[in-house]
Amino acid sequence: MKFTKDWLDVHLKTNKSESQIIQKLNSIGLEVEKVEQVRNELSEFIVAKIIKANKHPNADRLKLCDVDIGKKDTLKVVCGAPNARDGLLTIYAPPGSVIPKNGMKLEVSKIRGETSYGMLCSESELKLSNESEGIIDLNDKYKTKIGKSFFGEKKGKNVIELSITPNRPDCLGVRGIARDLSASNFGKLKEPRKSKVKKNIKHNLKIKIEKNKNQACSIFGSCIIKNIKNTESPGWLKNRILALGLRPISAVVDITNYVMFDLNRPLHAYDLDKIKNKIIVRNSKKGESFKALDNKNYTLDKDMCVIADDEGVLGLGGIIGGERSGTEIHTKNILLESAYFDPAIIRKTAKKLDLNSDAKFRFERGVDPQSVNAGLDSAVELILEICGGEVSKFDVQKIKKFKDLEIKFDPKMASKTVGTNINTNEIKKILLNLGFTVKTKGKFLNVKVPSWRPDIFGEIDLVEEVIRIIGFEKIKSIEPDKKRTKPTLNYFQKHFHLAQRSVASKGYLETITWSFTDEKINNKFKEKLESVKIVNPISSDLNVLRNSLYPNLIFYLEKNLNRGFGDQALFEIGPTFTGKKPGQQITVVCGIKKQSIDEDSNLKKNDLVDVFHIKKDLVQSLTELEIRKEDFKVEENTPSYYHPGISGSIVSKDGNLILGYFGALHPKIISNTFGFEIFLENLVEYKAKNKRTKESLTFSDYQKSDRDFAFLVNKDIRAQDLTEVIQNIDKNLIKEIQIFDVYEGENIPSDKKSIALKVTIQSDHKTLNENDLTNISKKIVSTVEEKTGAKLRS
Amino acid sequence: MSDFEKKIFEFKNRLNSTQDSKEIESIRTDIFSKNGFINSQFKKLSSLSEDEKKTFASNINKAKQELLEIFRSKATEVSDKNLNEKIKKEKIDVTLPENEFKIGKIHPVSQVIDEISCIFSEIGFSVEEGPDVENDYNNFTALNTPEDHPAKDMHDTFYLDENMKTLLRTHTSPVQVRTMLKGKPPFKIIAPGRTYRSDSDQTHTPMFHQLEGLHIDKNINMGHLKGCLNYFIKEFFEVDKIKMRFRPSHFPFTEPSAEVDIGYRIENNKIIIGEGDKWLEILGCGMVHPNVLKNCKVDSKTYQGFAFGIGIDRLAMLKYGINDLRSFFECDYRWLNYYGFDPLDVPTNYRGLSK
Numbered sequence: 003m004k005f006t007k008d009w010l011d012v013h014l015k016t017n018k019s020e021s022q023i024i025q026k027l028n029s030i031g032l033e034v035e036k037v038e039q040v041r042n043e044l045s046e047f048i049v050a051k052i053i054k055a056n057k058h059p060n061a062d063r064l065k066l067c068d069v070d071i072g073k074k075d076t077l078k079v080v081c082g083a084p085n086a087r088d089g090l091l092t093i094y095a096p097p098g099s100v101i102p103k104n105g106m107k108l109e110v111s112k113i114r115g116e117t118s119y120g121m122l123c124s125e126s127e128l129k130l131s132n133e134s135e136g137i138i139d140l141n142d143k144y145k146t147k148i149g150k151s152f153f154g155e156k157k158g159k160n161v162i163e164l165s166i167t168p169n170r171p172d173c174l175g176v177r178g179i180a181r182d183l184s185a186s187n188f189g190k191l192k193e194p195r196k197s198k199v200k201k202n203i204k205h206n207l208k209i210k211i212e213k214n215k216n217q218a219c220s221i222f223g224s225c226i227i228k229n230i231k232n233t234e235s236p237g238w239l240k241n242r243i244l245a246l247g248l249r250p251i252s253a254v255v256d257i258t259n260y261v262m263f264d265l266n267r268p269l270h271a272y273d274l275d276k277i278k279n280k281i282i283v284r285n286s287k288k289g290e291s292f293k294a295l296d297n298k299n300y301t302l303d304k305d306m307c308v309i310a311d312d313e314g315v316l317g318l319g320g321i322i323g324g325e326r327s328g329t330e331i332h333t334k335n336i337l338l339e340s341a342y343f344d345p346a347i348i349r350k351t352a353k354k355l356d357l358n359s360d361a362k363f364r365f366e367r368g369v370d371p372q373s374v375n376a377g378l379d380s381a382v383e384l385i386l387e388i389c390g391g392e393v394s395k396f397d398v399q400k401i402k403k404f405k406d407l408e409i410k411f412d413p414k415m416a417s418k419t420v421g422t423n424i425n426t427n428e429i430k431k432i433l434l435n436l437g438f439t440v441k442t443k444g445k446f447l448n449v450k451v452p453s454w455r456p457d458i459f460g461e462i463d464l465v466e467e468v469i470r471i472i473g474f475e476k477i478k479s480i481e482p483d484k485k486r487t488k489p490t491l492n493y494f495q496k497h498f499h500l501a502q503r504s505v506a507s508k509g510y511l512e513t514i515t516w517s518f519t520d521e522k523i524n525n526k527f528k529e530k531l532e533s534v535k536i537v538n539p540i541s542s543d544l545n546v547l548r549n550s551l552y553p554n555l556i557f558y559l560e561k562n563l564n565r566g567f568g569d570q571a572l573f574e575i576g577p578t579f580t581g582k583k584p585g586q587q588i589t590v591v592c593g594i595k596k597q598s599i600d601e602d603s604n605l606k607k608n609d610l611v612d613v614f615h616i617k618k619d620l621v622q623s624l625t626e627l628e629i630r631k632e633d634f635k636v637e638e639n640t641p642s643y644y645h646p647g648i649s650g651s652i653v654s655k656d657g658n659l660i661l662g663y664f665g666a667l668h669p670k671i672i673s674n675t676f677g678f679e680i681f682l683e684n685l686v687e688y689k690a691k692n693k694r695t696k697e698s699l700t701f702s703d704y705q706k707s708d709r710d711f712a713f714l715v716n717k718d719i720r721a722q723d724l725t726e727v728i729q730n731i732d733k734n735l736i737k738e739i740q741i742f743d744v745y746e747g748e749n750i751p752s753d754k755k756s757i758a759l760k761v762t763i764q765s766d767h768k769t770l771n772e773n774d775l776t777n778i779s780k781k782i783v784s785t786v787e788e789k790t791g792a793k794l795r796s
Numbered sequence: 006m007s008d009f010e011k012k013i014f015e016f017k018n019r020l021n022s023t024q025d026s027k028e029i030e031s032i033r034t035d036i037f038s039k040n041g042f043i044n045s046q047f048k049k050l051s052s053l054s055e056d057e058k059k060t061f062a063s064n065i066n067k068a069k070q071e072l073l074e075i076f077r078s079k080a081t082e083v084s085d086k087n088l089n090e091k092i093k094k095e096k097i098d099v100t101l102p103e104n105e106f107k108i109g110k111i112h113p114v115s116q117v118i119d120e121i122s123c124i125f126s127e128i129g130f131s132v133e134e135g136p137d138v139e140n141d142y143n144n145f146t147a148l149n150t151p152e153d154h155p156a157k158d159m160h161d162t163f164y165l166d167e168n169m170k171t172l173l174r175t176h177t178s179p180v181q182v183r184t185m186l187k188g189k190p191p192f193k194i195i196a197p198g199r200t201y202r203s204d205s206d207q208t209h210t211p212m213f214h215q216l217e218g219l220h221i222d223k224n225i226n227m228g229h230l231k232g233c234l235n236y237f238i239k240e241f242f243e244v245d246k247i248k249m250r251f252r253p254s255h256f257p258f259t260e261p262s263a264e265v266d267i268g269y270r271i272e273n274n275k276i277i278i279g280e281g282d283k284w285l286e287i288l289g290c291g292m293v294h295p296n297v298l299k300n301c302k303v304d305s306k307t308y309q310g311f312a313f314g315i316g317i318d319r320l321a322m323l324k325y326g327i328n329d330l331r332s333f334f335e336c337d338y339r340w341l342n343y344y345g346f347d348p349l350d351v352p353t354n355y356r357g358l359s360k
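Order-wise, the sequence lines are chains A and B.
If you're matching positions, the first sequence starts at 3 in the numbering used here and goes up one per residue.
If you're matching positions, the second sequence starts at 6 in the numbering used here and goes up one per residue.
There may be inaccurate statements among the hints.
Lysine-lysine pairs mimicking BS3-like chemistry, simulated, CA-CA at most 27 Å apart [said to hold, decoys possible]: (1) K445(A) / K306(B); (2) K631(A) / K107(B); (3) K360(B) / K496(A); (4) K484(A) / K360(B); (5) K496(A) / K107(B); (6) K306(B) / K476(A); (7) K246(B) / K26(A); (8) K278(A) / K304(A); (9) K107(B) / K617(A); (10) K39(B) / K69(B); (11) K36(A) / K283(B); (12) K350(A) / K170(B); (13) K299(B) / K488(A); (14) K583(A) / K189(B); (15) K582(A) / K187(B); (16) K223(B) / K476(A); (17) K395(A) / K201(A); (18) K445(A) / K223(B); (19) K484(A) / K248(B).
Calculated directly from the structure, the hints in this document are not laboratory data.
The following block holds chain A by itself, in its conformation from the complex (with noise of 0.2 Å):
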């Protein structure tokens, strides 16, 4: 919403400056979004001075002159004027000006092959006289003027700009403004001027508002004016429109465009001899259509409110109007158009249609309905005085009654929200200068909502307006208290936390990336989730929400790796979805590190990321979550998106919860890349199911002892097998297992390899003798044979 100082002065008696009311207004809750100088177009025209008029290379009528606009360098300018002469004083138009003549906004351009920066002005297209032969020639005087703007750097009126919630439409009209800024004690509201126009001529068109289902339109008034003489309108008249930002046009559309703004009334405005018989408000009929004032064709579906006559629809009702009915600058008679139409109707057709004006802006706000009458006064008013012209009597069709709505207010309920007393006589005196009736009732107030305020609804809205014009400045501020009683993060929170740092503690780069992904990268991640859609995604390729963290991340590596970045480690703590129910989402955290080899370095060949590096990272995190080793074992399946050779899943001991997923990651996805996932909701279950508390720490002081051994086994025995089956044997003596070589190739069959591994024994209770040892040792060895098939070697 805009609106000028003056403008507000109509309303507005007041002796508050401008940047007072600024102030003002963004403490009642109308924030003031910028101001802005309307801005002073003739001020671009230049006081230059042509130093050298040159022959056009390529045109013997055309010159290229060096002109001097008081600037370091001087310009090239083509010209066509036989007085382009060296030495000449004259007016300069840069580029991006507007030639008052014509209109046309200057740039730069190439003119028979020269560029031409600007152009020198003749005195008709500046409007100054009719000479158009040659350019301006001023005297000698404007020498010392060269680069000062010819007619003088006047500045323009502030135009306020001010971003009206959408609760409230009354303010989407100066008068509202006014209002608001009275009840603040900021001047007072100037009584409207009565109408002294005499309505002498007979309203004779036939206006109807058909009772249809969801009748938008309930009220429907309007005059005929007749012999007017439409024409530009006057200057006061043209700089608010153009204040507003808006094209003047004629009289007549400049009036409705007028009141509009002024009243937050938007009124319509047809040329009575362009309407066939009468008017009928109605819903439309599948398929109908029409051309709007913007030029396009509208085709309708059913049950749009449209304003029709005989011949078909004229326009949609409360967004805009029809081009086959529209006022011209020769237009005689007008019928004027005043109506109340259903927010919520106009939205939706509003919607439907794609289209937006200032009216449906208003109208799916809110229109006063008990404001038809004034806004017909108003523009008729401003019609007459400007055009001319005979006035019909007001026809007000009516299909329903508004009822301003009355509130029991108790004013205890002010303080009570508010934290501050405010006083019951502060309290009426503030919604009485609003506008609202009030009548004292015992301990209430009676309040009457005015008609213009449709946000209104009950006792809390009231303490709203009161508080608002007070000052929020006034309430005082209560230190909170510094109390805990209950914990801040929760189990889940916790690990969420301690993973997050866990991870980028493995030199990995936490990142965020969307929760949505291109769906083709997706469907290589999703397994057997169902792809969840997002009907109107911002771009095509980020159409679904990720099943995966991979597809993103893997994304921004590759972008990295473009940048010129080979090491990379990144990782994403965040959610993927399993369905698109709300709660069918999962927390992951994912990481994803790639090294670049260098085959020249030394240096660098000791830390080989491979699966191991990336399985010593997940293990850390897990064991810094308290998952410990023995909570999880390894197993191979992984999902398709991991190679199914190098990748594994950590999965609870008892086999019920996938705790994470690591491995190299598909060669047809990204090659020599690897990753890991952790299934947070999975870990936390786990560990609430599994809860420890820590018990006191015992531990042996009798000599532990190593047993080395190399056993051959088939190639599929895996090393956890082998480990499982040792430790199996005495828990209580076997301390710890340590696998130190596995090798393959000479001396060995091909279908075997050697796993070499160190066992830790060592007793609670005594030190071992060379016979208990010896004893153990027999029995690890018998039982890795019967239950692995493993040979031990000599």
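On the provided structure of chain A, position chain B as indicated by the hints.
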């Protein structure tokens, strides 16, 4: 000189003249081993008379002590000398690079969420979360945003079905609804999380982060709201004083509603928060609308309170001088390294929020 003395003299000489650790070891064997000189002298004792025995034994012991001392000092001397020589040769160019290490980083948004949680923890708020996918009821209807109302226009919503019933939450406010519906008052929560709006330009991203705050109890009024936000902003920006202004505004789910601006000034192209005469909009807040309480089965005659919503990304930008919102989600390696936080840099109350 007796043979005994000669022998001892010889040993002393040998020890004194050598610098070789092997030679020293062999002298040690010659003197002190089982079959060495000292033991062989003791063996002689048995053939001597009692008197001679006494004298000789004392001589042997004396000689043993003397030799032992010389041996020890010599051994130390030689090993020191050898070690010194070895050390002299062990010169390494320590300006060569150390073993490679990679420092991971925490994203500024995560860091700021931790900072915020830390501040609100101090004044008794706990952290709640809700799903990213919401139904229309929790996101709009329960929050007093009617169908077909322009207030809905402020949220360009992503929908997951044609009926527009399932959507990506446009704000964290539905967590209010969920929290109130599943519990009993009082409520004192913050809810950080991802939020989504179909908007993408210089200053908007289709996904961003919000923090919701809700405090419902008997007699919680706007003074508490003011005090709470004032405390938060001061703590967050780690300044002693903060200039703040509350401007009336409109949100369907609060009444009265306010937007909060903080004062700032620009110095050397940097924003200085807390002083100056410029205003920066930073959050929206208000008293929870009675209709919302009703929808959430909370008796608005007994309970009232406030709610607020803050853009987390924007807070991070302001505090850490990040200019471009879009860069938060572009995962540029350089950006993550530069703006990210060390994982050990955990904001805490006793250490302070930032290093």
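Exercise. Are there hints from earlier that the structure breaks, and if so, what are their numbers?
Worked result: Violated: none.
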